[in-house]
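Colleague: This note's numbering runs 39 ahead of the 1-based position in the sequence shown.
Because the hints were derived from the structure by calculation, they are not lab data. Do not take every clue at face value.
[As the list claims (entries may be wrong)] Cβ pair distances, simulated, as ranges:
{"id": "1", "residue 1": "Arg142", "residue 2": "Val96", "range": "29 to 37 angstroms"}
{"id": "2", "residue 1": "Gly74", "residue 2": "Gly184", "range": "47 to 55 angstroms"}
{"id": "3", "residue 1": "Thr54", "residue 2": "Lys108", "range": "30 to 38 angstroms"}
{"id": "4", "residue 1": "Glu137", "residue 2": "Tyr105", "range": "27 to 35 angstroms"}
{"id": "5", "residue 1": "Met129", "residue 2": "Ala177", "range": "16 to 24 angstroms"}
{"id": "6", "residue 1": "His69", "residue 2": "Lys126", "range": "23 to 31 angstroms"}
{"id": "7", "residue 1": "His69", "residue 2": "Gly136", "range": "40 to 48 angstroms"}
Don't be surprised by glycine CBs; every beta carbon is placed ideally from N, CA and C.
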Amino acid sequence: TLAKALGGGVPIGCTGARPEVMESFQPGDHGATFGGNPLACVAALTVIREIRKRGLVKKAERRGRYFMKALEELKGDHPSVREVRGKGLMLGMELDGEDKAERVVMGALEEGFLINVTAGKVLRFLPPLVVEEAHIDALVSTLDGLLRKVEG
Numbered sequence: 040t041l042a043k044a045l046g047g048g049v050p051i052g053c054t055g056a057r058p059e060v061m062e063s064f065q066p067g068d069h070g071a072t073f074g075g076n077p078l079a080c081v082a083a084l085t086v087i088r089e090i091r092k093r094g095l096v097k098k099a100e101r102r103g104r105y106f107m108k109a110l111e112e113l114k115g116d117h118p119s120v121r122e123v124r125g126k127g128l129m130l131g132m133e134l135d136g137e138d139k140a141e142r143v144v145m146g147a148l149e150e151g152f153l154i155n156v157t158a159g160k161v162l163r164f165l166p167p168l169v170v171e172e173a174h175i176d177a178l179v180s181t182l183d184g185l186l187r188k189v190e191g
């Protein structure tokens with residue numbers, strides 16, 4: 040999943056690990072048919088520069104905390120929400136049934152929000168790093184209404 044974001048839509052591969060793991064690689068241990076593609080490398084460097092220039096890592100941490108708090112508040116208001124979990128802007132909300140999750144996902148789509156569902160009943164949220172609090176608020180408000188509807 041790291042390489043998908045790294046390339047900004049341009050296919051690229053990426054390996055990351057703790058230093059002691061990376062030190063175990065010797066020249067020739069790992070290779071790729073398209074390794075070192077100049078276009079892909081320029082795209083990746085541009086993405087990294089933009090992330091740094093815009094302070095998107097810190098922003099993602101702040102927005103992730105804000106989003107998590109809002110989802111936790113929803114959990115307190117809705118008995119069908121079993122758990123809220125995640126890190127940064129990669130968050131999930133587990134509901135108590137697949138039918139409810141499907142209805143929330145379809146209702147959100149009608150309101151202009153694309154939500155993925157995993158394991159049948161976990162709503163997965165992966166907003167872009169540039170998400171604003173107003174976007175999060177709009178989604179949370181929509182989720183509140185949809186959860187009331189499926190619980191009623």
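Colleague: For every hint, state whether the structure bears it out.
Modeller: Here is how each hint holds up against the structure:
1. The supplied range of 29 to 37 angstroms is met by Arg142 and Val96, whose beta-carbon atoms lie about 35 angstroms from each other.
2. Between Gly74 and Gly184 the CB atoms are about 49 angstroms apart, so this pair conforms to the stated range of 47 to 55 angstroms.
3. Separated by about 34 angstroms at the C-beta atoms, Thr54 and Lys108 satisfy the suggested range of 30 to 38 angstroms.
4. Against the hinted window of 27 to 35 angstroms, the Cβ-Cβ separation of Glu137 and Tyr105 comes to about 28 angstroms, which satisfies the hint.
5. The hint said 16 to 24 angstroms for the Cβ distance between Met129 and Ala177, and at roughly 19 angstroms that hint holds.
6. Checked against the hint of 23 to 31 angstroms, the pair His69 and Lys126 passes, with Cβ atoms roughly 27 angstroms apart.
7. Roughly 44 angstroms separates the CB atoms of His69 and Gly136, a value that falls within the hinted 40 to 48 angstroms.
Of the hints listed earlier, there is not a single one the structure fails to meet.
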